[in-house]
Amino acid sequence: MKKIMSGNEALAYGAYLAGIKVGAGYPGTPSTEVLENYSRYPGAYAEWSPNEKVAMDVGIGAALGGKRAMVTMKHVGLNVAADSLFTVSYTGTNGALIIINSDDPSMHSSQNEQDNRHYARASKVVMLEPADSEEAKRFVKVAVEISETFDTPVILRTTTRLSHSRCIVALEDEPADIVVEPAAYERNASKYVMVPMNARQRRLVVEERLKKLAEYAETTPINFIEPGGGDIGVIAAGVSYQYAKEVFPEATFLKLGMVYPLPKQLIRDLAGRVKQVVVVEELDPFIEEHVRLLGIPVKGREVFPGIAEFSQGRVRKHAAAAGLVPKVADPPAVQTPQLPVRPPMLCPGCAHRPVFYALQRLRVAVMGDIGCYTLGAAPPLGSMHSCICMGASIGNVHGVDRAKVKDRTAAVIGDSTFFHSGIAPLINLISNGGNSTVIVVDNRITAMTGHQPHPGTGWTLMGKEVPNVSIDALARAVGFKKVDVINPYDFKLVLDTIRDHTSSDEPSLIVSQYPCVLNIREKKPAPTVDLDACNECGTCLRIGCSPMTKVDGGVAIDPALCIGCGFCASVCPQSAIKVPS
Amino acid sequence: MKNKYDFLFAGVGGQGTILASDILSEVGMRSGYDVKKSEVHGMSQRGGAVESHVRWGEKVYSPLIEEGNTDFLLAFEMLEAARWPHFTAANTVALINRHQIFPPSVNLGQAKYPEENEIESILAGAGAKVVWVDGAAKALELGNAALGGVVLIGALSTYLDEPVEVWEKTIVELVPAKFKELNVQAFRAGRELMQK
Ligand code: SF4
Ligand code: SF4
Numbered sequence: 104m105k106k107i108m109s110g111n112e113a114l115a116y117g118a119y120l121a122g123i124k125v126g127a128g129y130p131g132t133p134s135t136e137v138l139e140n141y142s143r144y145p146g147a148y149a150e151w152s153p154n155e156k157v158a159m160d161v162g163i164g165a166a167l168g169g170k171r172a173m174v175t176m177k178h179v180g181l182n183v184a185a186d187s188l189f190t191v192s193y194t195g196t197n198g199a200l201i202i203i204n205s206d207d208p209s210m211h212s213s214q215n216e217q218d219n220r221h222y223a224r225a226s227k228v229v230m231l232e233p234a235d236s237e238e239a240k241r242f243v244k245v246a247v248e249i250s251e252t253f254d255t256p257v258i259l260r261t262t263t264r265l266s267h268s269r270c271i272v273a274l275e276d277e278p279a280d281i282v283v284e285p286a287a288y289e290r291n292a293s294k295y296v297m298v299p300m301n302a303r304q305r306r307l308v309v310e311e312r313l314k315k316l317a318e319y320a321e322t323t324p325i326n327f328i329e330p331g332g333g334d335i336g337v338i339a340a341g342v343s344y345q346y347a348k349e350v351f352p353e354a355t356f357l358k359l360g361m362v363y364p365l366p367k368q369l370i371r372d373l374a375g376r377v378k379q380v381v382v383v384e385e386l387d388p389f390i391e392e393h394v395r396l397l398g399i400p401v402k403g404r405e406v407f408p409g410i411a412e413f414s415q416g417r418v419r420k421h422a423a424a425a426g427l428v429p430k431v432a433d434p435p436a437v438q439t440p441q442l443p444v445r446p447p448m449l450c451p452g453c454a455h456r457p458v459f460y461a462l463q464r465l466r467v468a469v470m471g472d473i474g475c476y477t478l479g480a481a482p483p484l485g486s487m488h489s490c491i492c493m494g495a496s497i498g499n500v501h502g503v504d505r506a507k508v509k510d511r512t513a514a515v516i517g518d519s520t521f522f523h524s525g526i527a528p529l530i531n532l533i534s535n536g537g538n539s540t541v542i543v544v545d546n547r548i549t550a551m552t553g554h555q556p557h558p559g560t561g562w563t564l565m566g567k568e569v570p571n572v573s574i575d576a577l578a579r580a581v582g583f584k585k586v587d588v589i590n591p592y593d594f595k596l597v598l599d600t601i602r603d604h605t606s607s608d609e610p611s612l613i614v615s616q617y618p619c620v621l622n623i624r625e626k627k628p629a630p631t632v633d634l635d636a637c638n639e640c641g642t643c644l645r646i647g648c649s650p651m652t653k654v655d656g657g658v659a660i661d662p663a664l665c666i667g668c669g670f671c672a673s674v675c676p677q678s679a680i681k682v683p684s
Numbered sequence: 314m315k316n317k318y319d320f321l322f323a324g325v326g327g328q329g330t331i332l333a334s335d336i337l338s339e340v341g342m343r344s345g346y347d348v349k350k351s352e353v354h355g356m357s358q359r360g361g362a363v364e365s366h367v368r369w370g371e372k373v374y375s376p377l378i379e380e381g382n383t384d385f386l387l388a389f390e391m392l393e394a395a396r397w398p399h400f401t402a403a404n405t406v407a408l409i410n411r412h413q414i415f416p417p418s419v420n421l422g423q424a425k426y427p428e429e430n431e432i433e434s435i436l437a438g439a440g441a442k443v444v445w446v447d448g449a450a451k452a453l454e455l456g457n458a459a460l461g462g463v464v465l466i467g468a469l470s471t472y473l474d475e476p477v478e479v480w481e482k483t484i485v486e487l488v489p490a491k492f493k494e495l496n497v498q499a500f501r502a503g504r505e506l507m508q509k
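As you go down the protein sequences, you meet chains D and L in turn. Note that the working numbering has the first sequence beginning at 104, numbered continuously upward. Note that the working numbering has the second sequence beginning at 314, numbered continuously upward.
Among the hints, a few may not be true.
[Claimed, not checked] Cβ-to-Cβ under 8 Å is the rule here; a few derived chain D residues that face chain L:
#, residue
1, Ser268
2, Ile271
3, Lys348
4, Cys450
5, Leu644
[What the hints assert, rightly or not] The list that follows gives simulated cross-link-like pairs (lysine to aspartate or glutamate, DMTMM-like), each with its CA atoms no further than 20 Å apart:
#, chain 1, residue 1, chain 2, residue 2
6, D, Lys244, D, Asp280
7, D, Lys105, L, Glu371
8, L, Lys372, D, Glu353
These are calculated hints, taken from the structure and not from any lab test. Bear in mind the structure is a predicted one, so any value in this text is a computation, not a measurement. The C-beta atom is built at its ideal place from N, Cα and C for all residues, glycine as well.
Could you build the full structure based on these sequences and the hints that come with them?
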């Protein structure tokens, strides 16, 4: 039996087959679907944690409890969890700990393009990198074996292209149900309590382990040489291997399933068979530098670019320019037309739209954050003026306000992001005597990544009902006195409340609360436009709602896209937009 | 069995390109091909442009299509069709759904939406053969605007050798139970449009 699976679905399937019992993570594109799919397998416990460090700590706890555990997050998420990662590398894991971490070359939905292979080297843990969904499935099992054999966390790195591409995966027999009998907790303070005295001992163990892993890298079947003809030997891992196979069909390959530590002997072996070693890798010259340190001449970054993801076309073009493969005939010159761009936008009927439109009207300088509301920065709303990383907005606005700018200012942060890392800077704002305004655009869900629950939703990934944490009560508890909860579709109230808060000298917090319309699937009939009343002022088009189209003599609303929220009607100065009653 | 087919899907987030490309991938696998598929996720789902690559072959390595190698361009929206001349070539068939969704710059009068003949000449410049499909109108006729993609798949199926039963069985298995009938109707409507 076989099935077409995405890389993420295959990782989840692999986790199930490998007997992973606990999964924790924070949603982040492109990693999100791993945990969602895993949670549906029998015997799995999975949770969304409020941030990646918490998820990592939950995974570490499960592994210390003797189980096989998995933690998932996107590349920038590992920055948040790095504190725990660097130390669990010292303690080891007792059970198994697999960290599934997804890089995003080309930044399809990320704020930077970091190459997380460096984390493996910096934290001294193993990193595996599958090249397609079938390998993704198999490598989870390999990762668990390595983790248990070498008492080390293992990072399984994917990239967007692997996570979100699909290919055929062989289905396997159901795993024998591993019955989890509660066992006594292994008390071993010298291994697990990292006070300096113990940590210094473990530091040596880590070095020993790395040596053993480097030996293992020479013999593991996931690193192998594919003999070929010709003079060229290609080293590649992950999806780059697939591109390289199309560009260098004849070459001898060293296909690496393990990208840290790297095998010296295998690389020398390859070099001995060919005239020229070529490394095909996206982003940083990670493998290339290793090959260079062995004293082997190698072509890598001098041929292929270090920015953005590859494709076989891109690899071919650069390889041809360097004379490594025959030149491709130039494609016939095509007309390169000036076409209107189509940027992503807030969804039709999105409850964030009135808030951003109000912020624009009031000319507020907005320190923003990561989530679908970041699209409030896009024209025509254009009302977000910074966005650094998860949870940065509140610290940023406090900093801007300490720097005394003339503008009214506010931080805008989503609910899930608030729980992720907005609470500590909120406390900082109070405890350092700040007076900033924080607006939590609370759509009751983690919307950007596809509607995952968070501490404010009242239910878990596994569908269990739990208490929901109130953002306004939390703000009051840490010392905010000026707190308002508003319905964003009451546009006059939105304007008045934001004006009032941003001109006040007190620290203040607004919760703009309405569920994500895509999540509750609310759809009312679309408004109609009275073309006689419309004077074509264009006000409604400036809210940037995609169902609205400029037509002769006025504006039209596409009923297939509109969800009938009525916000456009509330901004029309001529009352030309009629909401069906 | 031909040794390879590369299908490029272009559309706007929310138009159902993912379902359509899933159907096509599944048909490929059931017909004995190795199949790879790649889609763009994330921000672009929110009303932005989306693309999806589907490849059938004896052995497929890359999940992406190489420029100038597309056998079929399936465009769910007219403007999105015009973005891909560099992927098309003399043997490309471009099936374009007659559906316009204006980006904000067009609404604000800062940019112009291309005319049908401009779109045609952009793609024909690369040698592609443009075939217009009234998928959006057909879908509305069937009572559900979301069916346009399956109409397009129906149109595409007339160019390929796979038996109709394989397509219909795949569709029935991939769409939610209560929309089975409608989707099969949309698929057949797409085939009929090509017969005319
Ligand atoms: S009612 Fe107006 S603002 Fe709301 S979704 Fe429809 S077009 Fe957009
Ligand atoms: S805001 Fe009202 S009057 Fe102005 S263009 Fe829109 S519908 Fe017409």
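So which of the earlier hints does this model not fit?
-> Checked against the structure, no hint fails, so every one of them is satisfied.
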